[in-house]
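Trainee: Read off the chains here:
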Amino acid sequence: MSVTAERSVQAVHVHPRARDYPGSFLDGVIPNESELTCGTRIEPGKSYGFFTDTTLCIGCKACEVACKEWNALPADSVGFTGMSYDNTGGLSANTWRHVAFIEKRGPTGTRQTDQDAFQSGWLMMSDVCKHCHNAPCLEACPTGALFRTEFDTVVVQQDICNGCGYCVPACPFGVVDLNPLDGKAHKCTLCYDRLKGGLEPACAKACPTDSIQFGEVPELQARAEQRVEQLQSLGVAGAHLYGAPGGEGATGGLGHLNAFFLLTERPETYGLPPAPTRPANRVAPGLLAGLATMAGLALGALALLGGGRR
Amino acid sequence: MRTLEGIVTVVQEGRFLLTTDDGSTHLLILSHAAAAEPHQLAALQRAQSRVRATCRPAPDLIGWVVRRLDVLEATA
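If you read the sequences in order, they're chains A and B. If you're matching positions, the first sequence starts at 1 in my numbering and goes up one per residue. If you're matching positions, the second sequence starts at 1001 in my numbering and goes up one per residue.
Do not rely on the hints blindly, as some may be mistaken.
Once the Cα atoms are required to be at most 20 Å apart in a straight line, the calculated SDA-like pairs of lysine to any residue come out as [claimed, not checked]: (1) K205/A to T55/A; (2) K196/A to D1070/B; (3) K196/A to V1010/B.
Since the hints were made in silico from the structure, they are not lab data. Just so it is clear, the structure is predicted and the values come from calculations on it, not from any experiment.
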């Protein structure tokens, strides 16, 4: 490599191992390619996820396209939704990444007609399965089709799923969906097959602004905290994390979200629940309430029947 | 119903890409009514098998729903 080329490689902070692959055409897959693309070596037993910084999202939808391409997902909702620039609509069995376009409203709830220079009236967020630490979909699955992988992600095994659909209402984020064509539940796998091959997930790799960052969850959480501090020091007072441990979005026994977000507005603005909960939390109160009702009815019947005999 | 003949090139879950002789590639989804299971598709892809898919257009999707899949020849 020439001196000039070496300097240019150093200038853009390329991983040192990238110098081993100077050509455009490769003989095969680069071992542990994720080290070169996102600085993370993928190893079983560690916890991996996404940190989505919505302040960096430009709404290009490269993540949506990369996801569809890699996972061979068909284009759906063919037609024009009329919902601003968002023609995807939402997450579904055939759409595992969704870039939401939210036009900010003024204080009176109407669209602002004037704006400061270089400011955007748009919020963009690439939504995805959160791969919850305590995943309600996994808890609700009666067949064990939903399982936790060696990378701490949640995946549906298609050959075991019987299409009962219990996971669909269990998800507090409305992520899991049934496909009526094949009768099975589908959602983001965090590119399980790519992780096994040492590759960064397709959406994170395709993101041109690094709004979607892939890595080990503790490392991403630390990075996200730093980014919030940086944004707040720059005057973005509303910058906060959604899904970080103990914070907003990681409520109701969910633990934390392996795919978490940096938001600048309230989560409802982005279509996220402000306080999601595990349905399993309601099993014990529901069971106790049912038993108490049964006991009350039995006592009432005994009192009526006993009184009638006297 | 329509029949498509070609090589299974990519498989993901119950979905696969079928490349026909004219070079065009179609996205097919295995129907719940088909006499085949998603885990059988990976073997067809590895063997670069030539198959005939009996399918219909998927409603509101750019793809085809496969009702019947016949293996014509396995080249590997």
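Trainee: Failing hints, ascending?
Mentor: The structure breaks only hint 2.
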